[in-house]
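Undergrad: As given, the protein sequences belong to chains L and P, one line each in that order.
Position 151 of the first sequence, counting from 1, maps to 151 under the UniProt record's numbering, and the rest follow consecutively.
Position 209 of the second sequence, counting from 1, maps to 209 under the UniProt record's numbering, and the rest follow consecutively.
Treat the hints as calculated values from the structure; they're not laboratory data.
Errors might be hidden in some of the hints.
What the hints assert, rightly or not - Derived pair list, reagent style PhoX-like, types lysine-lysine, alpha-carbon separation capped at 20 Å: (1) Lys101/L with Lys162/L; (2) Lys162/L with Lys192/L; (3) Lys132/P with Lys267/L; (4) Lys87/P with Lys7/L.
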Amino acid sequence: MDQRYTKRTFVLEIIGILLAILFLIPFYFVIINSVKSFSEILIDAAALPTEILFSNYAKVWEIIQFPRAFWNSLIITVLSNIGIVLISSMAAWKMVRTPGKFSKILFVIIVSAMVIPFQTVMIPLMKLGGALNLINSIPGIVIMYFGFGVPLSLFLYHGFVKTVPVEIEEAARIDGCSQFGVFWRIVFPLLKPITVTVVILNTLWIWNDYLLPLLVLQTAELRTIPLATSSFFAQYTKQWDMGLAALMLGIAPIIIFFLFLQRHIIKGIAAGSVK
Amino acid sequence: METKMESKVDPVVPNTSGRTKLHDVKGDPRRKAKLKSILTYTAFVGPALIFFFVIQIIPFLMGIYYSFTSWNGVSSAIEWVGLENYKRIFTNDEVFFNSFMFTTKFMFAAVIISNLIGFGLALLLNAALKTKNILRTVFFIPNVIGGLLLGFIWQFIFVRGFASVGELTGLSFFKLPWLGDETTAFWGIVIVFAWQISGYMMIIYIAALQGVDNSLLEAARIDGANNFTLITKIIIPLILPAFTICFFLTIAMAFKIFDLNLSLTGGGPFNSTQSVAINIYQEAFQNNRYGLGTAKAIIFFVVVAIFTTFQVMATKKREVEA
Numbered sequence: 001m002d003q004r005y006t007k008r009t010f011v012l013e014i015i016g017i018l019l020a021i022l023f024l025i026p027f028y029f030v031i032i033n034s035v036k037s038f039s040e041i042l043i044d045a046a047a048l049p050t051e052i053l054f055s056n057y058a059k060v061w062e063i064i065q066f067p068r069a070f071w072n073s074l075i076i077t078v079l080s081n082i083g084i085v086l087i088s089s090m091a092a093w094k095m096v097r098t099p100g101k102f103s104k105i106l107f108v109i110i111v112s113a114m115v116i117p118f119q120t121v122m123i124p125l126m127k128l129g130g131a132l133n134l135i136n137s138i139p140g141i142v143i144m145y146f147g148f149g150v151p152l153s154l155f156l157y158h159g160f161v162k163t164v165p166v167e168i169e170e171a172a173r174i175d176g177c178s179q180f181g182v183f184w185r186i187v188f189p190l191l192k193p194i195t196v197t198v199v200i201l202n203t204l205w206i207w208n209d210y211l212l213p214l215l216v217l218q219t220a221e222l223r224t225i226p227l228a229t230s231s232f233f234a235q236y237t238k239q240w241d242m243g244l245a246a247l248m249l250g251i252a253p254i255i256i257f258f259l260f261l262q263r264h265i266i267k268g269i270a271a272g273s274v275k
Numbered sequence: 001m002e003t004k005m006e007s008k009v010d011p012v013v014p015n016t017s018g019r020t021k022l023h024d025v026k027g028d029p030r031r032k033a034k035l036k037s038i039l040t041y042t043a044f045v046g047p048a049l050i051f052f053f054v055i056q057i058i059p060f061l062m063g064i065y066y067s068f069t070s071w072n073g074v075s076s077a078i079e080w081v082g083l084e085n086y087k088r089i090f091t092n093d094e095v096f097f098n099s100f101m102f103t104t105k106f107m108f109a110a111v112i113i114s115n116l117i118g119f120g121l122a123l124l125l126n127a128a129l130k131t132k133n134i135l136r137t138v139f140f141i142p143n144v145i146g147g148l149l150l151g152f153i154w155q156f157i158f159v160r161g162f163a164s165v166g167e168l169t170g171l172s173f174f175k176l177p178w179l180g181d182e183t184t185a186f187w188g189i190v191i192v193f194a195w196q197i198s199g200y201m202m203i204i205y206i207a208a209l210q211g212v213d214n215s216l217l218e219a220a221r222i223d224g225a226n227n228f229t230l231i232t233k234i235i236i237p238l239i240l241p242a243f244t245i246c247f248f249l250t251i252a253m254a255f256k257i258f259d260l261n262l263s264l265t266g267g268g269p270f271n272s273t274q275s276v277a278i279n280i281y282q283e284a285f286q287n288n289r290y291g292l293g294t295a296k297a298i299i300f301f302v303v304v305a306i307f308t309t310f311q312v313m314a315t316k317k318r319e320v321e322a
């Protein structure tokens with residue numbers, strides 16, 4: 001609120017920095033203990049390591065087959081994002097540009113589905129997924145993410161399309177552009193800001209999702225990072241030295257993704273939720 | 001194929017006046033345009049609609065059906081039992097009832113605490129701090145990590161980290177049997193949830209605060225309003241839409257808590273921190289009672305829907321048009 005830098009601002013700044021340090025303490029614990037030996041962790045978890053051991057990481061890398069889990073997570077997240085963006089943006093645009101009862105009812109049905117908890121559909125979905133051959137396959141889970149991703153993404157696109165002026169589209173159509181031409185060449189590039197938001201929100205959700213992959217991806221080769229980490233924990237309960245290294249490997253990719261794009265992510269989340 | 005084509009064209013033909021019947025569909029430009037617009041509508045909206053219906057709506061309807069059966073998830077014979085599952089849940093399922101109580105209590109505590117912290121951080125970071133961009137990033141970081149891994153991280157903090165800090169500082173707070181006792185395990189999950197979610201709420205509140213007109217605040221300050229009245233009488237009423245969204249999001253997230261709960265306490269000690277989502281999961285996939293599980297899931301849906309609609313209506317009513 002205050003735009004000048006006063007003594008009061010300085011005090012607030014100190015408070016903010018102290019709170020931030022407090023917020024980061026859990027990461028301190030994970031990082032320092034991930035390079036300690038098991039006995040050293042038991043002696044004092046808060047102390048800095050006397051000797052930095054990377055062997056924890058090397059072991060875990062092998063056991064959880066990190067490259068494979070990373071690749072599975074990556075391919076699932078990327079393909080799901082592409083599909084969700086394509087189908088939701090197309091549908092939202094057409095629904096906004098075709099006003100009428102049908103579009104309105106459809107929109108209400110799709111958006112209301114956001115309150116359906118995953119647990120409510122998961123049991124029949126597994127049965128249906130079995131019948132449609134979607135179980136135990138990466139394309140299968142990607143298709144499921146398409147379905148779960150539509151409500152929020154369509155909602156965000158729907159709100160955004162309303163702010164896009166229709167005149168440019170009309171001009172293009174008069175010049176002989178087809179509907180698809182208008183959408184892909186003119187509208188879709190204009191939707192870029194909201195596409196960024198949609199991709200960010202879906203990436204955080206899909207990358208970190210645990211229950212759907214647990215139910216759908218049953219063979220070890222198809223495991224995503226959350227699945228690999230949790231099965232590691234189940235097997236080596238309280239083996240904190242290796243467990244923490246596994247956690248570091250598990251959280252590193254998404255934290256790096258966030259730090260690289262943090263400005264866009266924070267802006268995108270703000271835009272996405274206030275709209 | 002032939003009949004399908006016909007039925008698609010048919011409704012269009014008798015729709016218009018009698019004389020057009022003499023024409024071929026291709027001949028009437030108006031009808032041709034209408035057919036074309038239906039086709040493009042289908043081409044654009046259809047894909048999203050198909051995936052949405054197949055993945056969410058059909059399973060949802062199947063779930064309603066299964067909730068009236070004694071299906072065990074394996075056998076192909078699905079026996080209709082009427083309201084039996086619901087009767088059993090309401091009269092004879094203490095564990096489910098307890099998990100609902102836990103989830104509701106947790107929801108209230110988690111929603112209040114994470115929104116207080118989120119709003120507080122937003123007020124703090126809306127000031128002209130030099131480090132404000134870095135601080136926003138820091139407070140947001142826990143959000144990018146999935147609940148499952150966060151739960152494992154905090155299990156370590158509670159079990160080993162707190163013990164070490166307790167020994168160093170002598171503070172009894174850190175020496176509590178975190179995760180080992182019903183009360184502390186409850187607050188343990190609340191702490192981790194708030195740590196994860198507050199940064200997200202902060203971002204939404206900051207976005208809303210930036211929309212507040214500074215001259216309004218200046219005017220109030222000249223009239224002698226202190227910071228407290230400024231916040232409660234002007235800022236909060238102006239940014240109520242943000243509260244609607246934040247409450248909606250946190251209520252939904254807290255109600256559906258699964259991953260974090262599973263990896264942090266696993267529902268223990270003695271099922272005291274078992275969320276509804278975990279209870280449903282176990283009923284279906286560990287006890288192999290799919291019929292009973294779906295009945296619970298339908299009840300869960302109804303409760304979540306009622307809570308969130310109620311909350312959105314309640315806060316929406318108070319919003320002022322800016």
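Undergrad: Of the numbered hints stated previously, which ones are contradicted by the structure, given in increasing order?
TA: 4
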